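*Asks:* Just so you know, we're using numbering that gives the first Met the number 0 here: the sequence shown kicks off at 0 and counts up by one.
A couple of the hints might just be wrong.
[To be verified] List of simulated lysine-lysine pairs, DSS-like, C-alpha gap at most 25 Å:
(1) K193 with K250
(2) K207 with K193
(3) K250 with K207
(4) K193 with K248
Bear in mind the hints are in silico, worked out from the structure with no lab data behind them. Keep in mind it's a predicted model, so treat the numbers as computed, not measured.
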Amino acid sequence: METVHVTQAGPVATIALARPDVRNAFNEVVVAELREAFATLPAGVRAVVLTGEGPVFCAGADIGWMQRSRAYTEEENARDAAAMAEMFRTVDECPHPVLARVNGAALGGGAGLLACCDIVVASETAQFGFSEVRLGIVPGVISTFVLPRIGTRAARRYFLTGERFNATEARAIGLVHEVTNPLALDGHVERILKEVLLAGPEAAAAAKQLIREVAGKSRDEAIPHTVLTIARIRVSPEAQEGLAAFLEKRKPSWIGGA
Numbered sequence: 000m001e002t003v004h005v006t007q008a009g010p011v012a013t014i015a016l017a018r019p020d021v022r023n024a025f026n027e028v029v030v031a032e033l034r035e036a037f038a039t040l041p042a043g044v045r046a047v048v049l050t051g052e053g054p055v056f057c058a059g060a061d062i063g064w065m066q067r068s069r070a071y072t073e074e075e076n077a078r079d080a081a082a083m084a085e086m087f088r089t090v091d092e093c094p095h096p097v098l099a100r101v102n103g104a105a106l107g108g109g110a111g112l113l114a115c116c117d118i119v120v121a122s123e124t125a126q127f128g129f130s131e132v133r134l135g136i137v138p139g140v141i142s143t144f145v146l147p148r149i150g151t152r153a154a155r156r157y158f159l160t161g162e163r164f165n166a167t168e169a170r171a172i173g174l175v176h177e178v179t180n181p182l183a184l185d186g187h188v189e190r191i192l193k194e195v196l197l198a199g200p201e202a203a204a205a206a207k208q209l210i211r212e213v214a215g216k217s218r219d220e221a222i223p224h225t226v227l228t229i230a231r232i233r234v235s236p237e238a239q240e241g242l243a244a245f246l247e248k249r250k251p252s253w254i255g256g257a
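Work out the full structure, taking the sequences as your base and the hints as a guide.
*Replies:* Listed below in structure tokens is the structure:
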């Protein structure tokens with residue numbers, strides 16, 4: 000891949016946006032390659048770290064891409080947006096825990112990408128923003144993913160003003176989980192990865208799916224679904240191993256020498 004780099008260290012894959020010369024901005028190629036990277040993760044991966052090369056996480060849409068879109072018809076714009084939506088969906092529905100390592104600014108679609116991640120750790124120097132309205136457009140595709148994360152209250156401010164905000168505010172509105180000194184960023188990521196890897200891999204995937212399914216249901220709809228879900232999972236080999244390990248006061252097989 001030209002614009003996205005994928006590396007693996009044991010059970011952890013790192014996916015890095017690799018266009019630091021243009022602040023890791025999105026274009027058609029980045030959208031396609033990022034989707035492919037998440038859809039074709041190497042065997043043995045149990046967690047993913049998503050980051051950007053250089054000093055910026057992702058500055059949103061590439062200027063050249065925006066310029067080309069000016070000549071698109073409405074139908075061509077719809078196809079373009081649909082491809083981006085599918086990329087965000089693929090990140091959001093990745094069966095493995097996805098941890099965003101926010102090393103710098105995350106703007107527009109870059110901020111939207113964070114809303115597709117399970118855990119977001121940001122440098123205290125990072126800046127955030129949904130700047131689309133300042134270009135005369137709207138944060139259309141990303142709204143599906145961002146609104147469940149930050150809620151309508153924060154969206155009504157930041158979607159409408161397009162203003163930038165800092166990492167402390169990003170944490171306050173729910174876009175970011177942890178904020179740290181830039182020099183401590185990797186240490187925070189490693190600490191969380193250790194916690195993530197204690198979970199059964201099948202259980203982690205099922206938990207992610209359960210969140211998506213239950214979030215869209217009423218309580219009366221959700222309870223029968225959750226009853227069937229836990230009943231099915233309790234009899235799975237992984238659950239049997241996990242319960243046996245707990246009762247026998249040993250580590251489950253998926254932890255190994257950890």
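*Asks:* Confirm or reject each hint.
*Replies:* Hint by hint, here is what the structure shows:
1. Taken as a hint, the K193 and K250 pair is honoured in the structure, with Cα atoms around 14 Å apart against an allowance of 25 Å.
2. Distance hint between K207 and K193 is fulfilled; the C-alpha atoms sit about 18 Å from each other, no more than 25 Å.
3. A hinted pair counts as satisfied when its Cα atoms are at most 25 Å apart, and K250 with K207 qualifies at roughly 23 Å.
4. Note on K193 and K248: the hinted pairing holds, with a Cα-Cα distance of about 20 Å set against a maximum of 25 Å.
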